[in-house]
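Participant: Assemble the complex: chain A is given as a structure, and chains B and C must be docked to it using the hints.
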Amino acid sequence: MRAAGGPDVAVGDVLLSVENVSLSFGGVRAVSDVSFDIRKGEIRAIIGPNGAGKTSMLNVINGFYQPQEGRITFKGQTRAKMRPHDAAYGGIARTFQNVALFRGMTALDNIMAGRTLKMHASFFWQLLRYGPALREEVEHREHVEEIIDFLKIQEIRRVPVGRLPYGLQKRVELGRALAMEPELLLLDEPMAGMNLEEKEDMSRFVLDVNDHYGTTITLIEHDMGVVMDLSDRVVVLDHGIKIADGTPDEVKRNQAVIGAYLGVAH
Amino acid sequence: MDILYKIFLDPFVQMGTAPDLFVQTLWEGVVGGMLYALIALGFVLIFKASGVFNFAQGIMVVFAALTLVGLYNAGVPAFLALGLTIAVMFALAFAVERIVLRPLINQPDIILFMATFGLTYFLIGFGEFVFGGDPKVMITEQLYLPKGTITYKALGGVVSLQKLDIAAAVIASIMVAGLAVFFSKTRIGRALRAVADSHSAALSVGISLEQIWVIVWFAAGLVALVTGIMWGARSDVSFALDVIALKALPVLILGGLTSIPGAIVGGLIIGVGEKLWEFYWGPLIGGGTDSWFAFVLALVFLLFRPQGLFGERIIERV
Amino acid sequence: MLYREAGQFKTNYATDQAIFPILQDRIGIIIILFIAFVVIPLTGNDFFINAIMTPFLIFSLAAIGLNLLTGYTGLLSLGTGAFMGVGAYACYKLTTVFPNVNIIIWVIASGFVSAAVGVVFGLPSLRIKGFYLAIATLAAQFFLEWCFIRIPWLYNYNVSAAIEVPQRELFGIIVTGPRATAGTRYVIVLTFVVIMTWMASNIVRGRIGRMWMAVRDMDIAAELMGIRLLPTKLLAFAVSSFYCGVAGALLVFLWYGGAESTVFSINESFTVLFMIIIGGLGSLLGSFLGSALIYILPIILRFVPPQLGLPLHAATVEHLTFMITGALIVFFLIVEPAGLARLWQIVKQKLRVWPFPY
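Going line by line, the protein sequences match chains A, B and C.
Note that our numbering gives residue 162 to position 162 of the first sequence, counting from 1, and the numbers run on in steps of one.
Each number in our numbering corresponds to the 1-based position in the second sequence with 1000 added.
Each number in our numbering corresponds to the 1-based position in the third sequence with 2000 added.
Since the hints were made in silico from the structure, they are not lab data.
Some clues are possibly wrong.
[Unchecked claim] Distance condition first, Cα-Cα at most 30 Å in a straight line; then the derived DSS-like pairs of lysine-lysine:
1) K2129(C) <-> K152(A)
2) K252(A) <-> K40(A)
3) K2348(C) <-> K2129(C)
4) K75(A) <-> K118(A)
5) K152(A) <-> K81(A)
6) K2348(C) <-> K81(A)
7) K118(A) <-> K2129(C)
8) K81(A) <-> K118(A)
9) K118(A) <-> K2010(C)
10) K152(A) <-> K40(A)
11) K75(A) <-> K40(A)
12) K1163(B) <-> K1147(B)
13) K152(A) <-> K2350(C)
14) K2010(C) <-> K2348(C)
15) K40(A) <-> K199(A)
16) K118(A) <-> K40(A)
17) K152(A) <-> K2010(C)
18) K118(A) <-> K152(A)
Bound conformation, chain A alone:
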């Protein structure tokens, strides 16, 4: 279940680290001089009030934004700029805050799209849908069906995702990310907009992915209960600056964190 590229990293070692990363858009400083690391096999949460720069941080790790300063080290390889292609091939997958599913396709096709990286049959065979192309389709379909079973979304395979309720869409999106067999899975507010039952389901999936597949997970989440229950370590950002980094208990008691969320009495 290993993704391509880079040396194998042992459980507990640093899988990815960001060093002194700063990012601005047109005058707005989204992230300022942030450094932290993510260890293989852990569940790491990034939390902070709105506008803290959490999604921007994820976008930097993913290669969507290129930081003006700082470096990213992933599986031993240090880069000043991570390109989306490098991130994907290296084994980083993600879900998005606003569910970025491919609306014109069915749930099955969306998840199959996640397998694109691993499908190599040439154009010629694709034209005939025979030989290597057909074998590949079937082989990857089997893999995708495992994910569908895991996420319990069998009934909605052939439904165009635009028609699915929000909770199921988020599950399909998780499936699509899992299809990439990532070493590092970035989840951007996976529980947003869900009711208690859906949150419990999603939490269970997140834990299962971490347990069963050994995937390292980094998630952005607002629900403190979820964060405390699920994560091994937490990074706290506020206005683009890192204000705390440690286990959930340590972070919970940190004065700066409490101040950021509740406001400081003058």
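Facilitator: Relative to chain A, chains B and C alone:
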């Protein structure tokens, strides 16, 4: 060597040795550019105010001109025909808003864009059906537009400017200035900009989308009418659609879809560029290059500045 | 009752992903192919075959080409006419310079020429999107149209700037030129269309189709999943232009018999675009349905009203065609943006449960 000379030196030599011709060509480019700019202006108006890229603007120009001439030829006195045409353009705006725009309110932009293709084809067919497809003569005299030419002896030769062209340039400038002021200073202008930004946000502050759209399409219709009169006065009114409507598109690329001064600058660049290219470099490759020069120029532009000269930089967020 | 799938289980993924998984669909397709290949050539009159069936098939092929680019990959193109022209002129040059090579080979080769040109004009899609890309394709359209007139080499320096199709044979039967029969030409076009449609169907159901649709629906997410945008888009331009180029070559060689630059004008581009809008963006079936509707419409207008006692001028027919086409576009975009293909799906859905209401 000979080729290099022909491409890079000779045209400039020609410009230098016959400056009167150069100025003449330049002027014609300016006038052409002004007219393109006027069409582009109609696009910008509608886009700025409703976010809809109205591909049908070009045919609206033709349609307005046809209606005016058609009414006059049917016996209606010139200025009454003008008034009636304005009323027709209003009715058209109203009909478009009711039948095409309202049902498509929350659809993605590309759907609205394609709907305006359908509108274009419908108006072409309808216009030809009602008025016939043969070219007609614009009623320039009856509208008291100047005729004749002013000739200057200058720059070693002769430069002649059509009075009509001068009038067109003046009228166009007044309209542009007026619209620019309208958008930035008046209450309705602000409402229009709000609607362009976000339909739902505008609705939530109580702006009536329907009213705004009718106003805007009517304004575009008026611009179309003025453009149609100017255009028709220079070269009969006909359905040479690809010249009229499509040429405005490169103008919009250069000037950006939301900028009124941009439409003017873009129009001038395209108009002048096209004329100069065709006159000085065209003969080298067989002529007739004004069918594509504007588009290729716009394409080259897009490669370096995808949002045009004046457009806003699009920042994508996930 | 007729259209039930009950009892049709798929026991492996290959059959589940087949092109026509439902038995009734398979039977339907076999019947359609039989009618197309056997019944029509034997029983149809020349007019029907030549004025209706052959062009319908050719435009369907062009519509599939445009649909792959615009419907599946989301890249709006207004250059279809020009790409069809590239195919036609390429085929003409190839066959006049090498007259002894089989014309079928040259038709396929001209598809490749068109594909190459398509890739060149598709390069801007790296940086340009949406309406702006559409305008860039207009550059292709107008520039290529200009080439068709101003490069005399393309039409062999013919004084009238038109090309005339030379006679060519296949296995001893005359297939192009004035002496080729309508039936022969029809069968060749039909064969091309059936094979190329099958291939298009294979592509869109596989990895490449998913990559295209991903780029269409959310290119940012696609990129973050490792899909490289430029090669994917360029492949779409290449394949699309291939289809349009072949359609153009077939249009000139197996239907019109000749051509000049006006045949491949911006109007053709709009016509094909309207076919796929009405037929259904992102649907191969829709390409056929749209082609049928748009192509047959003026023919109906020309022949039906006189039967009802309302003769119409040729000019009026043209005007009405424009008006009805425009109105249909707006209508479909409002009522069913997924076009006729979606309407057909709804009909099939109702058939599944018929005679029960749900």
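Participant: If a hint holds in the structure, say so; if it does not, say that too.
Facilitator: Each hint tested on the structure:
1. K2129(C) <-> K152(A): violated, 37 Å
2. K252(A) <-> K40(A): Holds: K252(A) and K40(A) sit about 23 Å apart, inside 30 Å.
3. K2348(C) <-> K2129(C): violated, 36 Å
4. K75(A) <-> K118(A): holds, 20 Å
5. K152(A) <-> K81(A): violated, 37 Å
6. K2348(C) <-> K81(A): Answer violated: K2348(C) to K81(A) is near 51 Å, above 30 Å.
7. K118(A) <-> K2129(C): Holds: K118(A) and K2129(C) sit about 28 Å apart, inside 30 Å.
8. K81(A) <-> K118(A): holds, 24 Å
9. K118(A) <-> K2010(C): Measuring from Cα to Cα gives roughly 25 Å; hence the hint holds.
10. K152(A) <-> K40(A): holds, 27 Å
11. K75(A) <-> K40(A): It holds: about 10 Å lies between the C-alpha atoms, which stays within 30 Å.
12. K1163(B) <-> K1147(B): holds, 6 Å
13. K152(A) <-> K2350(C): Satisfied, since the Cα-Cα distance of roughly 29 Å is no more than 30 Å.
14. K2010(C) <-> K2348(C): At roughly 20 Å apart (the allowed maximum being 30 Å), K2348(C) and K2010(C) satisfy the hint.
15. K40(A) <-> K199(A): Holds, at about 25 Å.
16. K118(A) <-> K40(A): Distance ~23 Å between K118(A) and K40(A) Cα, so the pair holds.
17. K152(A) <-> K2010(C): Roughly 20 Å separates the two Cα atoms, so the pair holds.
18. K118(A) <-> K152(A): holds, 24 Å
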